[in-house]
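My request is simple: use the sequences and hints to build the entire structure.
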Amino acid sequence: MSHLPDPTEDLDWSGYVGSIQWHFSENAKKFPDRVCVVETESSKTKERCFTYKQIFEASNVLAHYLCDSGIGHGDIVMIWAHRSVDLVVSIMGTLASGATFSVLDPAYPPVRQKIYLEVAQPRAMIKIGRATDEAGQLAPVVQKYISERLRLKTEVPALRLSDEGTLSGSDSTGEDIFSSVRAKSSAPPDVEVGPDSNPTLSFTSGSEGRPKGVLGRHYSLVKYFGWMAERFELNSRSRFTLLSGIAHDPVQRDIFTPLFLGAVLLVPPKEDIQHERLAEWMSKHKPTVTHLTPAMGQILVGGAVAKFPSLDRAFFVGDILTTRDCRSLQHLAVNVHIVNMYGTTETQRAVSYFEIPSRVKSPNALDEFKEIIPAGVGMKNVQLLVVNLQDKSKLCKVGEVGEIYVRAAGLAEGYKGDKAMNDKKFYNNWFIDNKVWIEADKKESKGESWRKFYKGPRDRLYRTGDLGKYLESGDVECSGRADDQVKIRGFRIELNEIDSNLGQYELIRDCKTLLRRDKNEEPKLVSYIVPESKKWYDWLKSNNLEEVDDKGIEVSQTRYYPKRYRRLQAEIRDYLKHRLPDYAIPSVLIFLEKLPLNPNGKVDKPNLPFPDITDMTEGANEEDLKRWESLTPTEQMVANQWAKLIRGLDPKTIKLQDDFFDIGGHSILAQQMLLQIRREVGANISINTLYEFPSMEGFSSQVDKQLSSTKASFTRVETTDYAKSLDELVKKLPCEFLTANPENLRNIENPTILLTGATGFLGAYIIKEILSRSEGRFRLIAHIRNTKNSKAAFERLKKSLLGYNIWEDSWQGRISCVVGDLSKPKLGVSSETWQNLAREIDVIIHNGAIVHWVKSYQQMMASNVLSTFDAISLCSTGKPKIFTFVSSTSVLDTDHYISLSDRSAASGRNALLESDDMQGSRDKLVTGYGQTKWVSEQLVLAAGLRGLRGSIVRPGYILNDKEAGICNTDDFLIRMLKGCIQLSSRPRIINTVNVLPVNHVALLITAASLNPLPATTLLSSIGTQPSNFVKVIHATAHPRLRMNEYLSSLEYYGYKAPEVDYDVWKKDLEIFISAGGFEKDSEQHALMPLFHFCVSDLPATTRAPELDDRNAVSVLKADSQYWTGIDESTGCGVSREDIGKILAYLIEIKFIPPPFAESKNSRLPKLAFGEYIIASRSLVGGRGGATNTTT
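Numbering (the UniProt record's numbering), first residue to last: 1 to 1191.
Think of the hints as simulated: they come from the structure by calculation, not from any bench. Yeah, the Cβ is synthetic: ideal placement off N, Cα and C, and Gly gets one too. Accuracy of the hints is not assured; some may be wrong.
[What the hints assert, rightly or not] Straight-line Cα separation of at most 27 Å, BS3-like style, residue types lysine-lysine; simulated pairs:
hint	residue 1	residue 2
1	LYS1056	LYS424
2	LYS962	LYS424
3	LYS524	LYS824
4	LYS392	LYS469
5	LYS392	LYS799
6	LYS577	LYS594
7	LYS286	LYS594
8	LYS534	LYS577
9	LYS626	LYS563
10	LYS419	LYS452
11	LYS879	LYS826
12	LYS824	LYS732
13	LYS307	LYS46
14	LYS563	LYS541
15	LYS605	LYS370
16	LYS44	LYS286
17	LYS534	LYS270
18	LYS791	LYS577
19	LYS978	LYS424
20	LYS380	LYS446
21	LYS644	LYS705
22	LYS380	LYS469
23	LYS798	LYS392
24	LYS824	LYS791
25	LYS602	LYS535
26	LYS1166	LYS1056
[Stated by the list, open to error] Cβ-Cβ distance ranges computed for the label pairs, FRET-style:
hint	residue 1	residue 2	range
27	GLU164	ASP441	43 to 49 Å
28	ASN388	ARG567	47 to 53 Å
29	LYS270	ASN543	38 to 44 Å
30	ARG567	GLY474	43 to 49 Å
31	PHE31	ASP441	30 to 36 Å
32	LYS270	LYS605	21 to 27 Å
33	SER899	SER772	38 to 44 Å
34	ASN747	ALA420	50 to 56 Å
35	LYS626	SER695	15 to 21 Å
36	GLU444	HIS275	48 to 54 Å
37	PRO880	LYS644	57 to 63 Å
38	PRO32	TRP227	26 to 32 Å
39	ASN388	ILE898	55 to 61 Å
Here it is in structure tokens:
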């Protein structure tokens, strides 16, 4: 269609119109006495006005000082910033020196500030004096980095502009650092820049939790201002506001637009940027133009009554803009034209627009729109291209959803020092050959001096990651981001769709819905709601209700109301039931006074309270205070530690019987709490102890017991007697089983296999192994938990297989699903399904389990042990069945088997035999998981003595897809890789690691299931036992890697991770964990869930016995003979090349960052992953290392 963009059109690639500092200097020369910047009054300061001449001369002084200090083209100057005229001077002075400015916001946490410095590597530092006055000196960690790691050429210790316009830069004791350059204030340095010079370094949130620095270009800073002035009637009489976050790139438009036009910039004090006050400020100071994020717009209108009819234009950018937002603003500003703009840090400017006329001009304009305002069309010489998701050589048609790319000459240069990310986000235009523009530029060139700073025409596209579609008008409508599409219980949910519907409810002023995890680590949809306070009272009156006495609780920069709006919950849910499917209705509604904002003016999602806050947030009453006084010092200390970590929790409300995990704690918080207790009182309590004694009283008693003990610092907790549990269960096993004949499988037309744990990492590859063999003979029934019905179960399974890149359409008719729950009797299936399974199944592969390294035996008994008992019992009814149990080498984690392995190796005898009766683990296993696997193994062996034919397969670490590098990111060894990258070091541990590709383990399990070995006697510690139809199959690597070889692959592929002594590494890990990660903008350390395991004695706890695997060899040979024709009996291992593929995959899914520098030894392999695999990485489960996984 003619109104859609043409991706081959000339977009004025060489149309450079000069730098912003040049345009500013021209205005200063023409209108020296015109007001440039006004700092409006506050409760403590008077109003200050500065002319163009004053700002121009002050910035010239700074520019000359920087140049004389050796700062110039390509150098970065970091500004310790403050919302004031001083920021304007700092920026313009830096630009006039030819350098690049970047901003450090004192509101950011020190860890984030340090990252900015690491990325920027500035050569000069400007500290605005008022920033230090208000926020204090730079944090020690930041100052240390500057002193030790940066090579600054100069520093301005305390920049200030006096009321008279005189610039100073020294602290109170220093000399006038600008004395030598004051005479040069009338003109800037003779420095030239060009379109590809870099004036700005702005930061955007990184997907791995590390902010990325984006280098801007001079071409873009003023390119579109002339067009905007004409299109939106902006001029030198306009009055602009400085409301954007001072370290957020939109602050550039706040400052540069008025300086380009010769207009005035109004700077409000911090105290006026809040609800109600901001509207009053607008009413008093009468700006005509403002730039806002939708979140800042909420602050402007929230609770406000002051009108500001002077406002003519409001430009919104940074998030989705709703009609509700627009109505609220136009209610207060009747003359405002609202312009919704679209852009990113990487596009350097907001590059599209959609205008809504004022109420005066068109009173009903908003009635024509849906809830979300479109992104609009590109500005002059900018295109929004909606690209086909399947074929990027095609643009989408009207109404077809695709991915939005921005095509413009004004795109940013790219990410500083991150070529890999640049290659992923910035593309050469594939619709036309760039040589066309190069040739045209040669003809038009007039030999301009700026061309020495010009790389020539570059027709590039920026991939936004946003989805959108063209409307009939040619405008683009955003359909959300991949980030806003979440999965819960197998359903895809658009968070923006929930917010859109909530926003239309009359009693809701603002809202934000997120997918958060609750205290049980379960995902929940949580909606944070800011009620419309004025309408609330009308609603109470209309419903004959009284106001509840609830003053709210201060939490996360806002106030949470646990009781006041409780009566609204049912109303809101009923309202949503008519608009959304059941699965998309939020399970938790949290009512807040306001949504907290980050310094950039966007909703501060990490600071929104967790759903656990709804469990216990009422303040302490008189009874609580009396109980608090009766607590022991240890109990009070524990309560305080819990309250520090669990948001909204008052320590004085915690009761002795309260369970840490029931009141909002989880495994990650537990690790932090245990570390803090160890530091505070010296008690080294294991996380197993906390799981065994989770109540405040029980845990406190263990702390006291540990402190009073004269024994070693580690207290071992008495655990449930799992061996007695086994003895009771064995008595209840069926007395006999019909023994299956594996030869029958080879004669049945369609053998049927039941698989539990089908959606997990290993389960997925077992499915692939089964369904890829024997010309499609096998039929598979997958046991799936937590789905509504078998159809939903199949969709969940298919999406999991797609996520691992192993789904085949030919499997569609060969897989069926049953919905169940391993923690419930009979695997959680109905009696009818149970009987059907008994009749149909030929083989059961019991692969499902909770994998958790700190929960107790009792906590996992139902899912892990009783499910095994029931799966065995299923084999006693109906036709004879072969039974395969997937166990773990965690059953060998005792000193007995380590010593036995060492003695065998020393004497030259075989390694630990598959026929060992495992009585050496009867009472020595420490982890609940290992105990459940040992009991389950013994149950299977006991059934084997009664005629059940089958196998117990014992894998160690299950690491990777041999071909694609796909792995389970919850695996301990994968977390070790990431943890070492985060710490920039790796521990020296020389133990061998029994690690195998998932493909080989799946092959071995399938081979054992189809070719169970004949009955033989079992070697016992008390002699020999009768013939047993169940055999143990050891899955062991050939050859085995050592841990230090495994971790050394990091440096081999270019990561900075030198080997250090384990004790040094352990100490570094403790320091990192105690610091709390990167606070707002980052994930926790990868090893946090396994922290206690890592710092106890990793060299000892990772020791693994050498394993005999003659049975494994036998079943693989039989598999070759009867089924595959391929002999895999020589075994398999994980090589350095395999680890390279793993790293490449982890980088692709953004689990780890790419290497800082390309390795001299070897480049990471290039692997091709589909968009679905990358997008769905969070949908796939795991096994064999996940900290809390049920498969």
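Cβ separation of SER899 and SER772, checked against the hinted range 38 to 44 Å: About 42 Å separates the Cβ atoms of SER899 and SER772, which means 38 to 44 Å holds.
Satisfaction of the hinted span 43 to 49 Å by the C-beta atoms belonging to GLU164 and ASP441: holds (48 Å)
Restraint check for LYS605 with LYS370, where alpha carbons must lie at most 27 Å apart: Given that 27 Å is the threshold and the Cα spacing comes to 26 Å, the pair holds.
Distance restraint between LYS534 and LYS270, which requires alpha-carbon spacing of 27 Å or less: With Cα atoms ~26 Å apart, LYS534 and LYS270 stay inside 27 Å; holds.
Restraint status (C-alpha distance of LYS626 to LYS563 at most 27 Å): Roughly 24 Å separates the two Cα atoms, so the pair holds.
27 Å Cα cutoff - pair LYS1166, LYS1056: Status holds; Cα separation ~21 Å.
Pairwise hint evaluation, LYS577 against LYS534, where the allowed Cα distance is 27 Å at most: Since the Cα atoms of LYS534 and LYS577 sit roughly 25 Å apart, the hinted pair holds (cutoff 27 Å).
Agreement of LYS644 and LYS705 with the hint, judged by alpha carbon distance not exceeding 27 Å: At roughly 23 Å apart (the allowed maximum being 27 Å), LYS705 and LYS644 satisfy the hint.
Distance restraint between LYS392 and LYS799, which requires alpha-carbon spacing of 27 Å or less: holds (24 Å)
Hint consistency between LYS824 and LYS791 [alpha-carbon to alpha-carbon, up to 27 Å]: Between LYS824 and LYS791 the Cα gap is close to 21 Å, so the pair holds against 27 Å.
Holds or violated: LYS419 to LYS452, with C-alpha atoms at most 27 Å apart: holds (23 Å)
Agreement of LYS978 and LYS424 with the hint, judged by alpha carbon distance not exceeding 27 Å: holds (22 Å)
The structure agrees with every numbered hint stated previously.
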